[in-house]
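Peer 1: Could you slot chain B onto chain A? The hints should help.
Number of protein chains: 2
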Amino acid sequence: MRVEIWSDIACPWCYIGKARFEKGLAAFDHRDEIEVVHRSFELDPQLAKGDTGPVIDMITRKYRRTVDEARAMEEHVASTARAEGLPYRTEGRDTGNTFDIHRLLHLARARGRHDELLDLAYRANFGDERSVFDLEVLAELAVEAGLDADEARAVLADDDAYADEVRADEREAAELGASAVPFFVIDRRYGVSGGQPAEVFTQALEQAWQGRAIVPLGADADAAACGPDGACEVPQPGAHS
Amino acid sequence: MRVEIWSDIACPWCYIGKARFEKGLAAFDHRDEIEVVHRSFELDPQLAKGDTGPVIDMITRKYRRTVDEARAMEEHVASTARAEGLPYRTEGRDTGNTFDIHRLLHLARARGRHDELLDLAYRANFGDERSVFDLEVLAELAVEAGLDADEARAVLADDDAYADEVRADEREAAELGASAVPFFVIDRRYGVSGGQPAEVFTQALEQAWQGRAIVPLGADADAAACGPDGACEVPQPGAHS
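Chains A and B, in that order, give the protein sequences. Each step along the first sequence adds one to the number in numbering that gives the first Met the number 0, with nothing skipped, and position 79 is 78. Each step along the second sequence adds one to the number in numbering that gives the first Met the number 0, with nothing skipped, and position 108 is 107.
Read the hints as simulated data drawn from the structure, not as lab findings. One or more of the hints may lead you astray.
For identical chains, the list gives no copy identity; a pair is met inside one copy or between any two copies.
[What the hints assert, rightly or not] Below 25 Å or equal to it, Euclidean Cα-Cα: the simulated SDA-like pairs (lysine to any residue) are: (1) K22 with V214; (2) K61 with T51; (3) K22 with G226; (4) K22 with S78; (5) K61 with E90.
In this text the structure is predicted, and so the values were computed from the model without any measurement.
One chain only, chain A, in its complex shape (with noise of 0.2 Å):
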């Protein structure tokens, strides 16, 4: 089976409910049998590109809070976190626009190093307060994963570059209902919302692996093709026309 799981950098729930994910797929018996794809999401795709600021102002902002009551939330996920396991730090995390990140990480996909960067990048925003909305630590943090560092400074120079891939993933989180993140969909047919306990996971792995199959479409059906021990039918001329 196939998870995707979209999500942002900025996502706080993202981080965490990455972990727990980890963690309810490795109490999965078919682990080995999942495939996890990772996918765009922009938490806040009006904010201008360079509108950088701390994360206590934009809670403030946002929430209508007291600079007090920002902090006491950002302590909160930041204990939620640490219960995973996770460092996080609430001395001054930077938000922003998140593009230029998503860019990096299709780069990254498309080098077999998107794992590695999706990781480096949560642990510079949240446990190392390294500003992801930085291109130069960006383009540090793409050489960490193992990328050319020529072309990951090319990628992040031009606006273009793997534009359109983060917009695909990102048109198809709205086609699927997806209004938050993390969204976590198993094979296109169930969705769990959220950074749920590690148990949910694995519940939903189990679920989808019992709800597992495939309806046959096409008429025809075994036509034209090539079968075990190398055997290929040859249907009569025209059966298809």
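Peer 2: Relative to chain A, chain B alone:
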């Protein structure tokens, strides 16, 4: 949506079916939202590595036909291929064990060169009668596809390299009930077997598109998520305990 295609380079209906699928896909309105993933399937996994020989001999053996009958079968497949605009020679194609080709295709996927290598391998086997069972030819094709020559040779020389990936694909095919190829699976929900006419693929895509729907799993489905405009819901501590 995602279409997975199980196929084998040694399978003429896979070669033809790929072209027909691509025509069917081109006629599908939402073609830009379709991801295509090719998966490994060995037509004749019992064939020992190095047990390579003319396909006409294989046909006479498998189908207990005369050489003339075997040639007529090949000519029929060839004319079907040519009707799809595909080059197909019938002078003396070899067949044999395809495990190494599939391993190399998995390397190519990891390096973002899968589709190039797949087309080159089909073309070599059916259009040019270059033996894809010859490791030297495979190494040449790898370079033509844009892979690093040394890395490709190292993978070809190491029987274990990407072997698990090939077997995982084949295990999945078996679990999905595929015993013949090409086998097309849409979102792990719908299946089309065989190198069907292009219109069958278009119709299957349309039917699958209509039938998309995600079943939500997991209680408390909207908790602990970050939503539109960057707002992160903060569930009460203990709500997920």
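Peer 1: Compare the structure with each hint and give your call.
Peer 2: Taking the hints in turn, this is what the structure says about them:
1. Taking the shortest alpha-carbon separations for K22 and V214, only the inter-copy value of 22 Å comes in at or below 25 Å, while the best intra-copy value is 31 Å.
2. Taking the shortest Cα distances, K61 and T51 sit within 25 Å of each other inside one copy (15 Å), while across copies they are farther apart (67 Å).
3. In the homo-oligomer, the alpha carbons of K22 and G226 lie at most 25 Å apart only across protomers (23 Å), although the nearest pairing inside one protomer, at 39 Å, exceeds that limit.
4. For the identical chains of this complex, K22 and S78 are intra-copy neighbours only, at 18 Å inside a copy versus 53 Å across copies, given an alpha-carbon limit of 25 Å.
5. In this assembly of identical chains, the alpha carbons of K61 and E90 lie at most 25 Å apart only when taken from the same copy (19 Å versus 71 Å across copies).
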